[in-house]
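Residue numbers (UniProt numbering), protein chains in the order written: chain C, 1 to 782; chain G, 1 to 782.
These are computed hints drawn from the structure, not numbers from a lab. A virtual CB, placed ideally from N, CA and C, is assigned to each residue, including glycine. There may be inaccurate statements among the hints.
What the hints assert, rightly or not - Derived coverage of chain C by chain G (criterion: at least 3 residues anywhere in the stretch with Cβ under 8 Å from a Cβ of chain G; other residues may be distant):
id, region
1, 191-199
2, 288-297
3, 361-370
4, 411-424
Unchecked claim - Part of the chain G face toward chain C, derived, beta carbon under 10 Å:
id, residue
5, Glu296
6, Ser418
7, Tyr471
Number of protein chains: 2
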Amino acid sequence: MTNKVKAAGLLLVVAACSAIPSKALAATAARGTEAWAAVDPFIGTGGEGHTFPGAVVPFGMIQLSPDTQIKPRKEAYGWAAGYRHDDSTIVGFSHTHFSGTGHSDLGDVLVMPISGEVKLERGDIDKPGSGYTSRFSHEGEVAQPGYYAVTLSDYDIRAELTASARVGVHRYTFAKGKPAHVLVDLRTSMYDYPGKVLWSRLRLHADGTLTGFRETRGWAPGRQVYFAMRFSKPITGHQFHDTERDVPYKGFPPPGKDDPHQRAQIEGRQLVGALDFADAPGQPLVVKVAISPVGEDSAIANLDAEMADFDFDRVRADAKAQWAQALGAIDVDAPAPMRTSFYTALYHAFMGPSLFMDSDGRYRGPDNAVHQAKGFTNYSTFSLWDTYRALHPLLTLVQPEQRNNDFIQSLLAAQGASPYGVLPIWAFHGQETWCMIGYHAVPVIADAYMKGIRGYDTDAALKAMVASASYGPYDGLAQYMELGYVPIDEEDEAASKTLEYAFDDWAIARVAEAMGRKDIAAQFQKRAANWRHAFDPATGFMRARKRDGSFREPFDPTASGYGSDYTEGNAWQYSWYVPHDVAGLAQAHGGADKLLAKLDAVFDAKVDPKTFEHMEDITGLIGWYAHGNEPSHHVAYLYAAAGEPWRTQQRLGPIMASQYSPRPDGLSGNDDLGQMSAWFVFTALGFYPIAPGSNEYIIGRPFLPRATLNLPNGKRFTVVADGLDDAHSYIGSATLNGKPLDRAFLRHEDIVAGGELHFTMQAQPNRAWPGKDAAQPYSMSH
Amino acid sequence: MTNKVKAAGLLLVVAACSAIPSKALAATAARGTEAWAAVDPFIGTGGEGHTFPGAVVPFGMIQLSPDTQIKPRKEAYGWAAGYRHDDSTIVGFSHTHFSGTGHSDLGDVLVMPISGEVKLERGDIDKPGSGYTSRFSHEGEVAQPGYYAVTLSDYDIRAELTASARVGVHRYTFAKGKPAHVLVDLRTSMYDYPGKVLWSRLRLHADGTLTGFRETRGWAPGRQVYFAMRFSKPITGHQFHDTERDVPYKGFPPPGKDDPHQRAQIEGRQLVGALDFADAPGQPLVVKVAISPVGEDSAIANLDAEMADFDFDRVRADAKAQWAQALGAIDVDAPAPMRTSFYTALYHAFMGPSLFMDSDGRYRGPDNAVHQAKGFTNYSTFSLWDTYRALHPLLTLVQPEQRNNDFIQSLLAAQGASPYGVLPIWAFHGQETWCMIGYHAVPVIADAYMKGIRGYDTDAALKAMVASASYGPYDGLAQYMELGYVPIDEEDEAASKTLEYAFDDWAIARVAEAMGRKDIAAQFQKRAANWRHAFDPATGFMRARKRDGSFREPFDPTASGYGSDYTEGNAWQYSWYVPHDVAGLAQAHGGADKLLAKLDAVFDAKVDPKTFEHMEDITGLIGWYAHGNEPSHHVAYLYAAAGEPWRTQQRLGPIMASQYSPRPDGLSGNDDLGQMSAWFVFTALGFYPIAPGSNEYIIGRPFLPRATLNLPNGKRFTVVADGLDDAHSYIGSATLNGKPLDRAFLRHEDIVAGGELHFTMQAQPNRAWPGKDAAQPYSMSH
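Can you build the whole structure from these sequences, using the hints too?
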C-alpha cells in the first residue's frame, strides 16, 4: 500500500513537471533531492529571522511546528513564529505559523503529548515540571523540509511531525510504563492575552474524531479556524476544561456538567482537553490533524481527502518529493555552506502565499463569508509590502505559471469580496490586517501581467488595481489624490506613503499602457511622479509635507519612530525609494554622481547600533543601510541602475557576508514570508528586480560558480561565473548566449528564452563595464 | 401594486386552508378577523408574564418588539422579553424575543430612530435626554397581532413595526426640522454584560445595504445572528463606533482608522452605528431588516425573498391575514373580556416553536454548523419542559398537520446533528441551553405519533427517543438507568428528575408498543414505574433518595431552592407528577380518597406569599398550588382523573379567575412560549391533556358558552355550555353528539371525528356525573 501510493505521489510530481522534457526528469529529480538535503530549516529560527523549523509542504495550508515557551515579560515580537532556537522548553506543536513576520498570530490548535499526570497549564518557565511544558535539546532535533523531530525530555517522548497541504501529522513514541496523553490546548498561541480567543469549541465524536474551532481577535480580527483530528489508537478517556473564571453568565453547562470526563463537547474562551491512550510500548501514536477555514465538517473532509490512513512515512515521503520538485527549479553548483544558504533561502521563498482553501474549493474571504473558488486555487497570507519586491518576481521564474495565476486570482477574488472594494494590503487566512503601507498587490499583479502571466480576467485586474489606488479613506489616499502627496498633518508616515503610492501608480500606468488604456495610463503616469512632492532639494532627502505645502519641521534625517514621517525607517533609509525613475531621482539630486555620493554616505555612515532600539524591524545595519528591513532592499542596486555597476558589486559582498549565514541566527531581519530570502536568491544568481513591472533585473554580481534556472516554460537559463572566489568578486566581462552583454541589466525575455549568462570574474572592479554607451535600464530611460 | 399583492396574500391563505370546505371559508375569514381584533398583545407584558407586545407572524423567525430600559440594579429576569409595561423609556426595537421565558437572551439588532444630536449610549434612566433612550407613554401606543406603534416622545417620532416571517419592517415618521438618524446598536440586549457579545460586525455596502452579525454567549453559547437592513431613503452619512476600551491588542483598525464616518466596516465586541437621513417632512422612513442564522448574504437573500419593496402597509395586511387565519382555528362565543383573554392566549400559543431557517432552507444546528433542511421547514425555540404539557397537544388540534410534522422533523434533525446524539432539551436558534430537566421532546413526538401525525421517519423517531433516554452523562441518567432513580447525593433535584424521566419513559413505551416493538415497550414500561422509587409512604410525598436507597434527610415538604430535591418547587408541588399512572399514585397513597384529600391540602394550605421570594418562576400561588409554574399545571385535573370531576370543576373557576385577566399583568407566571396560554385555551374549552401520549383529555368544565374547533382535517368540533354563567359553573350533564357522555374525559378520536360536546351547566356540583360505572381514563386503568 505504502509503495503503491508513494508511486502515485511520484506520478503526480511528474505530471506537474510536464513542461520539462522527460529525458531531463530523472536528473532533475536527483538534483531536487540534493537540493532538499541542503536545506537547513533552523536558519532564521534564532536572531531576527522569525522562521520556524516545523513541517510544511510548499505553499501548504498547514505549518506544523513546535512552539517554545515565551519568556516572562518578553514581548511577542521575538516569538512571532512560535519557536526560538535559543529556548529550551517546548509547549507543544501547533498547526499554523507565519514564516518570518514581525507581528505574531496563528499558532492554532496546539497539541502536546505528555505522559504521567495530566497537567493543564504550561507552568512556570523557571520551574521544570510545574506545567505540561517539556524541556528539549537540539541534540537529536531534526528539521528537514517536510519533517521535524524532537525528544521531549521531561516525558522521554519522541515527537515527529510531517504534513500534507491541509493535514499535519504527528507521530509520538511514548516511553514505556506511563499513562500516555495528548493535550489539545485552544488557549495558547504566539501571543496570548485575555480576550484574544473570542470563542472556541472542542467536540469528541463517537468514532473518536476530535473536532473544534477557534475564533480569535489577534492580528486579524474575528479569524476562524476549524479543525478535525484523528488518532491511530482508541481514546480510552478524555477530559475537557474551560479554565476561564469570573464569567458573569456562562449559560448552562453541557451534559455531565462539572465532570470534564463526561463532556462530549465544550464551548468557551479558554479551553483545554486531555485525551488518554493505553500504554503500548513500541507502537507509536499517530495523530492527524486537518484544518479548515469553513467548518468542522470541512476539516473532516480535508482529513479524509488527504489522508485516509495513518501512514506517517508515506506523508513524509510525499512532502519530501514535493520539496525536491520545488527546489529543483534551480540547480546550483557551489560550496556546501553556500548551497545550504541558497536552498534554505529558496525553501523559505516557498512558504507563502499559502494555500487557503478546502479540498472542495471553499474558503473564507475578507468579508468573513464562505466563498467557492471557481477555476482557481485560493491562497492567502500575502505579506505584500515585503513580497512584491523580490519574492513574487522570483516565484514568476521558479514556480508554475498556474500558481502565479492562482495568486493573482486569489487577490482579485479577495478584492471582489472586500467590504472596501480593495485588493489585500496584508492579509492572512482571508482576513485583512491593514498592516504596513501602500497598495502593493498592484505591483504583484502588474509584474505578472507585464511578464505575460495573464490567466485571469485582465480587465477586472486593471479595475481592481485602480479601485485600490482610489479608495479615499485608506491611509491618506484621498488627500494624496487631491494634493499629489500625503500630508503629514493629516496622516502619519506621510513621506513613505507618498513614495510607495507613486511607485504603485507607476505599476498601474505600465499595465494600462500595455492594455491600450491611455486615459488610465496617463492618469497614473502623472501620479507616478508624485515622489517629486516628497523631495526636498535643500536637504537632498525625501520629507513629509503638510497640507500647506511646507515640509514638517524640525527635520532630523536620523529620526525614526512609529507615526513619524517614515514607515519603519528614517530619511537616510527612505530617500531612495524611486525605483521606477532613478533618472529622475538622480536629476533631482543634481546628477547621478551626487546621488551616488549620497548612497555612499548611507553605507559609510557611522551609526550607533542602539539608534533603532526603540523600533522593531529595523535591523541589519551597514551604516544607515538596514538590510533587515525592506525599504533598503533595492538600495545597493541603485549604483548599477545609475550607471556604476562596480559600486553595486562592491557593496553586495559585505551585505551577503554580514546579513546571511547558514546558522539559526543567520538572517539579519525578519524573513517576511520569504522576501529576505528572495533577495538572497536573486543576489546570489547575480541580478535583482528593483522595479517589479519593468521586466528588468539589475545585474549585481554572481555569488555562485554556476546556477541553472529550470524555467516553468521548460527552458533553462544558466548563469556561470568564471573564476569566482572571494578574491575575484568583480565582473570583468559578461556574455549572453556567447555575445558580449553591453548592459548592466537583464530583460525578462532574456531569461525566459533560456540560454547562458556568462560572467568572467576578476579581482579588481572593471569600471568600464558595460561602458558609456551601454543600454540604459527602464528607470534611467523613461 | 399593493392591492394586487394583497389579493395574492389572501389567495395564499385560501390555499393553506384548503382542507376546510370552501363554502365555509368566507365566514371563517370574517370570524378570524374578529378573533384578530380581540387579541390584546399587551397581556402578559406586565407582572410575571414576560410576553412582548411587538410585531410577529405566527411562528415567525422575526419577533420585532420594543425594548424598555432595564432599571439599574434590577435583574434580567423581569426583562426577559425586553419590554415591561410599567417602564416609561424605550431603548429601541430589536428583532428577536422570547415570548414568556424566565431566562433572558435574544434582543438582537437593536434599531432606534432618533433626531437631533447623535448619542451613542442609552444614558441614565433617571436623566431623560442623557442618552438615546426616549420616553414614551401608553397613550397612542398600539399593539395588534402583526403590528405595533408608539410615539417616542423625546424625539416626537412615530415608530411603527410590522413583520413577515424573516423580515421586520419599521416605519418611522420623524418630526420636521431636526436631523434624522437611525442607530443600530449591537451591544445591547435583554441582559447585557461584559463579554456577552463575543464578536460582531457592521458593514455598509455601496448600495446602502447595512449588514452585520452578532455572536453571543448568552443563555445559549456561541449563538450567531446575521442581519441585512435596507432603507427606503438614501443614507446621507454614517458613523461606526467600537465603544470597548482597554483591549490589549485590537489588531489594525480598518481604513479611515479613527474616523468613524469613513468606515465601510467595523468589527469588535461593542459596536454601535448611526446612519443619517435627510430631513423629509411627511415622508416616513421605512427600514426593513432580515435576519439569518447562516450569513450576511443569506440575510440579504431572505430580505429579497420576502420584501422586494418598502410597502409597509402590505406587509402589515399580510401579517393580519396570517393571524386571522391562525386564530380562526377556534370560533368562540363569549363575553368580550373572555374573548380577549381567549384569543390572546391562542395568539400567545402561536409564538413558538419559531421558524429557524433561511428562505433557501439552510439553518444552523446544535453543532453550530450549517444544515440544509430537506423536505421540511425547520423550527427552533423549543421550551420543551413547558410546552410538551399542553402547548404541543393544542397545536396538534389547531395547526396544520404539516406544521406539527415540521416540528418533529426539526427535533429529529437536531438530534441527528447533536454532538451528544440527543433530542433538544431547551433549544433556541438551533443551540442547546440544557435548561430545565427531563427529555421532553419525547412526549411531544409520542403525543403526535399516537395521534396519527407521522410524516417523518418513525423508526428514526423511536431511535432518537431511546437515544435521548439513554445518554448516561445527562443529568443523572446513567444512575437512573442503574438504580431506577436519580440519586440526590450524585445529582441535584433528583426527585423531580426521577418523576419526569418516568413519564417520558412511559411515552416511549406507548410508541414502541404501537409500533410493535415489544422489547423496547417492555423496557420503558418498566422504567415508567420508576416514580415509585421516589414515593415515600411514610410522609406521602415524593422525595429524593440517595445511592444507598435512603431518602435524604432532613426533609421539609415546604422547602425549595436551586439544587434541592426538586426543580423549581417543593414536595407539596412535585408529589403529584405521575400523570400516566394516577391509579398507581392513588394506590400508593392508600386509595383515591386519600390522594384527593392530600390534593385538597395542596390548594387549601395557608402559605406565606414570601415563601418563594428566593426563587424565580414559582408564582401564582393558591395554597401550595403554583399556577405560575408548570409542575402544577395538571394538578387540578387529578381530581377528575381520580374519579371526582366536580372537585376539578370547583378548583378551576378560582384558578381561571385569579391567574388570568385581560390586563398587562394578566398572567400570573411566565407564559413559557405559550404553555400558560395553552392551559387557558384547553381549560376554557373544557378539557385538558394531563398525559400527552395517552390520546385523552380530562374534562374540567367549560368557560365558554360555545366554541368550535375548525380542525386541520376540515371537520368541526363544537363545545356548547348550556346555561353557563358565574353562578352555574358545574357540569350537570353532558352529551357527545347527542348521546350521554358517561366519562369525564375525551378521546382524541372524539374530537377529530368532529361533532358536538354539549354540557348542561348547573349551580351545584353533580357529584353523580359521570357515575360510578363511568369509563376510566388511561391513567386509572393501566
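Quick rundown of the hints versus the structure:
{"no.": "1", "hint": "191-199", "verdict": "holds (count 7)"}
{"no.": "2", "hint": "288-297", "verdict": "holds (count 3)"}
{"no.": "3", "hint": "361-370", "verdict": "holds (count 4)"}
{"no.": "4", "hint": "411-424", "verdict": "holds (count 4)"}
{"no.": "5", "hint": "Glu296", "verdict": "6 Å, holds"}
{"no.": "6", "hint": "Ser418", "verdict": "9 Å, holds"}
{"no.": "7", "hint": "Tyr471", "verdict": "7 Å, holds"}
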